[in-house]
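**Student:** Using the sequences provided together with the hints, build the complete structure.
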Amino acid sequence: MPALAQRLNRIEVAPSVAMTIKARELRAAGKPVITLTTGEPNFASPPNAIEAAHQAALAGDTKYPPQDGTRALKEAIQAKFKRDSGLDYALDEISVSNGGKQCLFNALMATVDAGDEVVIPVPSWSAYAQMAKIAEGEPVLVPCPQNNGFKPRPEDIDAAITPKTKWLILNNPNNPTGACCSAEELAAIAAVMRKHPHVWILSDDMYEHLVFDGFRHATIAQVAPDLKDRTLTVSGVSKTYAMTGWRIGFAAGPKALIKAMVNMQGQATAGVSTVGQAAATAALNGPQDGVQVQIDAYKRRRDMAVEMLNACPGIACHKPEGAFYVFPNVAGCLGKTTAGGRKLDSDRDVCLALLEEQYVATVHGAAYYMSPYLRISTATADAELEEGLRRIQTFCEGLH
Amino acid sequence: MSLTAERLDRIQPSLTIAISTVARRMIAEGKNVISLSQGEPDFDTPRNIKDAAIRAIEGGETKYTDVAGTQAVRKAVAEKFKRESGIDYKPEEIIVSTGAKQVLFNAMVATLNAGDEVIIPSPCWVSYPDIVTLADGKPVLVPCSQNNGFKLRPEDLEAAITPKTRWFMLNNPCNPTGAAYDAAELKALTDVLLRHPHVWVLTDDIYDKLAYDGFKPATIAAVEPKLKDRTLTVHGVSKSYAMTGWRIGFAGGPVPLIKAMDKLQSQSTSNPNSVAQAATVEALTGPQESIEAMRKVFEERRDLVVEALNKAPGMHCTKPEGAFYVYPSVQGCLGKTSKGGKKIETDEDFALTLLAEEGVATVHGAAFCYPGYIRISYANATDELREAMTRIQRFCQGLH
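For the protein sequence lines, the chains are G and S, in the order given. Under the working numbering, the first residue of the first sequence carries the number 1, and numbering increases by one thereafter. Under the working numbering, the first residue of the second sequence carries the number 1, and numbering increases by one thereafter.
Don't read these hints as lab results, they were simulated from the structure. It should be emphasised that the depicted structure is a prediction, and the values quoted were computed from it without experimental measurement. Worth double-checking, as some hints may not be accurate.
[What the hints assert, rightly or not] In the PhoX-like style, the derived pairs of lysine-lysine whose C-alpha atoms are separated by at most 25 Å in a straight line are:
(1) S:K311 with S:K342
(2) S:K209 with G:K63
(3) S:K31 with S:K263
(4) S:K226 with G:K63
(5) S:K63 with S:K75
(6) S:K296 with G:K63
(7) S:K263 with G:K22
(8) S:K31 with G:K63
(9) S:K226 with S:K151
(10) S:K296 with S:K138
(11) G:K22 with S:K75
(12) S:K63 with G:K22
[What the hints assert, rightly or not] Now the in silico label distances, taken between C-beta atoms and shown as ranges:
(13) S:P13 with G:D296: 26 to 34 Å
(14) S:E58 with G:R83: 28 to 36 Å
(15) G:D88 with S:D156: 53 to 61 Å
(16) S:I17 with G:E25: 46 to 54 Å
(17) G:E384 with S:K187: 55 to 63 Å
(18) S:D191 with G:E51: 52 to 60 Å
(19) S:K216 with G:D88: 52 to 60 Å
(20) G:E75 with S:E58: 22 to 30 Å
(21) G:G341 with S:E84: 52 to 60 Å
(22) S:H198 with G:A114: 53 to 61 Å
(23) S:I17 with G:K164: 28 to 36 Å
Every residue gets a Cβ at the ideal spot worked out from N, C-alpha and C, and that includes glycine.
**Tutor:** Structure below.
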């Protein structure tokens, strides 16, 4: 075995993997494990998307696609950005990738040189920092405390920017907290970014449709049109249309950046599965009422989760604007001992003890660069979620 | 600071753009253009495979899978390697990616440090050196001359190895020449490799089902089991099953390498399309008759094309063992002037003039790091091929 490339040695294995393996072992041993770790909707993909995939396969739409996406899908994405965000993009300002993840990977690999800094508000999905490292950049993490609703403060972003900063990454709504900046909050961040014309902005809006209580999702290119020529807006069909396995994400931004990303993708994977593209086209162009059904379900579950978690001794849970996660603070549980006799010194301890004693799988906050928290996914059937939350209550009540 | 990263700036712009731009313009103008430039079978994906995809969609196989592919697809791949090549891989020694291209990309990005050398016999698929360059490595091209059937000589391999060599990459059968190695020819190469334990081997066998006249392409891990623990065997369904657009490639190799590739893939794209994975299981485990039917047609076309090209004055075409390309020399045409009055100085001039005057699109050899030749793909309807050959002969007869 040749030693691995240095760039790969810099990547950490996701801390959540250990929990996933443990949960799998317990389930294999016949334990009634409830999984609240999943990052994917528990709904089926829309029927019209499924039908479109059938038709594409049957019609022989199974040849190499253009590397930047089929024309039909790019037109659907163009219409989507116009419809949802009032954003005008030409077709050569749009590219299609294997999941939103590859859009981010392409963007960072195509632009980040050794030592370039990438500013990432945390808590965040760990992939941002890991990808920055693969691209030989330096992730610069900016904490977004719970008492600010887990949202980045403009002054903290300002302080994090240096001459070496290449990108600011915004995730709105956010995984793992569900926090979502409003148009006004984004405008305040945009005001800071105007002072730093060398910094590009990546807005990952993958959860954009999953917002509650009449909250209106905004994105920075829409709020600050003058920043549009250095903003990459990323979204996809995975979360909105329950199409995680199809692996379709897309990005819109200035032509030069999109071209560089397509070049990058051309060397990494080439075009995206044609059948998946046909399904995504149908999902974007077809009826959107299925989305509302999901939003209603996620809102109902969020309300239940926040209420039940706040009834747990030692837990304080913020009510987020969107996504399908809540990110309760477990500081009040630390230093205590569980009913099973386990001492809790970190969120990782809480997570492991909860899994081993109550068979509830969650992910600890350290996996998202902020402790002591747990991430709980509400992309779980109502009854199962409720049972999971009840067990968390039992767990907390047993602490001493 | 410049938008793009140095790693991307090092990649040469595509050499085929001039030709494809002209071809597109001619088609838009209503000209009759025959394209012999495509790298994909003109056959449709077999019906049983499409049906399996449709069943997978209906069965809800639309969710995230393991990053390296479902258990079912990895098992099918392991069985394929056993059945067809006699190589034993366990499922954890298999990774499935978005096209074989991603397998190569993963392997290089996961293992190369700046300045590491990768030996690539040329003519070669241009993505090999580009991917190496992108991963900060240094491609070392070893010319394989037409009078040796475009095959690598062991002494040239030996001479190219240095202490900095990390990989030897072999494409068997080869794109663009169609040259393929049997077990005895490979043994001569593996004897060299056995003397250099620091060199890893990547063998890209994606075309190995397409071999003619009873020729049996061999693969390194089978020919020399002592090399198996430093060999990555790459394959996919694109060429064998006419599934280019589905984007599924895979590889077998030692666990630490597969794990490293899995780690990288988990940060760049995650799992390949779930529906396409199900289609791949059917392709690999279902009826295999369609392959033989395609192979027979390709063999007839190869014979037709080689015979016709060798009748074109100034061209000289070797009859290759496999793939669906031939790689005729056009050196006898250089320095001449076409009927339309164009001076032909290079293989690119030849390809461009052939396109402009006769409406036949090919790719010139410089695009495969080996000028003086053109690549002709015979993955095209037999009647169209016949017409194209008539035009090429006419073109060459008109040179003076």
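**Student:** Does the structure keep K22 of chain G and K75 of chain S at a Cα separation of 25 Å or less?
**Tutor:** Holds: K22 of chain G and K75 of chain S sit about 23 Å apart, inside 25 Å.
**Student:** Could you tell me whether the CB distance from E75 of chain G to E58 of chain S stays inside 22 to 30 Å?
**Tutor:** The hinted range 22 to 30 Å holds for E75 of chain G and E58 of chain S, with Cβ atoms some 28 Å apart.
**Student:** Is the hinted pair K296 of chain S and K138 of chain S satisfied, with a Cα-Cα distance of at most 25 Å?
**Tutor:** violated (39 Å)
**Student:** Do the Cβ positions of I17 of chain S and K164 of chain G conform to the proposed distance bound of 28 to 36 Å?
**Tutor:** Because 34 Å falls inside the window, the suggested range holds.
**Student:** Would the pair K63 of chain S and K75 of chain S pass a check requiring their Cα atoms to be no farther apart than 25 Å?
**Tutor:** holds (19 Å)
**Student:** With respect to the beta-carbon atoms only, verify the hint that G341 of chain G and E84 of chain S lie 52 to 60 Å apart.
**Tutor:** holds (55 Å)
**Student:** Is it true that H198 of chain S and A114 of chain G lie within 53 to 61 Å of each other by Cβ?
**Tutor:** violated (25 Å)
**Student:** CA of K63 of chain S to CA of K22 of chain G, is that 25 Å or under?
**Tutor:** Holds, at about 21 Å.
**Student:** Between K31 of chain S and K263 of chain S, does the CA-CA distance stay at or below 25 Å?
**Tutor:** violated (48 Å)
**Student:** Would you say the C-beta atoms of P13 of chain S and D296 of chain G sit inside 26 to 34 Å of each other?
**Tutor:** violated (50 Å)
**Student:** Given a hint of 53 to 61 Å, does the C-beta separation of D88 of chain G and D156 of chain S actually sit inside it?
**Tutor:** Because 55 Å falls inside the window, the suggested range holds.
**Student:** If you draw a straight line from the CA of K296 of chain S to the CA of K63 of chain G, is it 25 Å or shorter?
**Tutor:** With a Cα-Cα distance of about 21 Å, the restraint between K296 of chain S and K63 of chain G holds, given a limit of 25 Å.
The structure fails hints 3, 4, 10, 13 and 22 (numbered hints given earlier, in ascending order).
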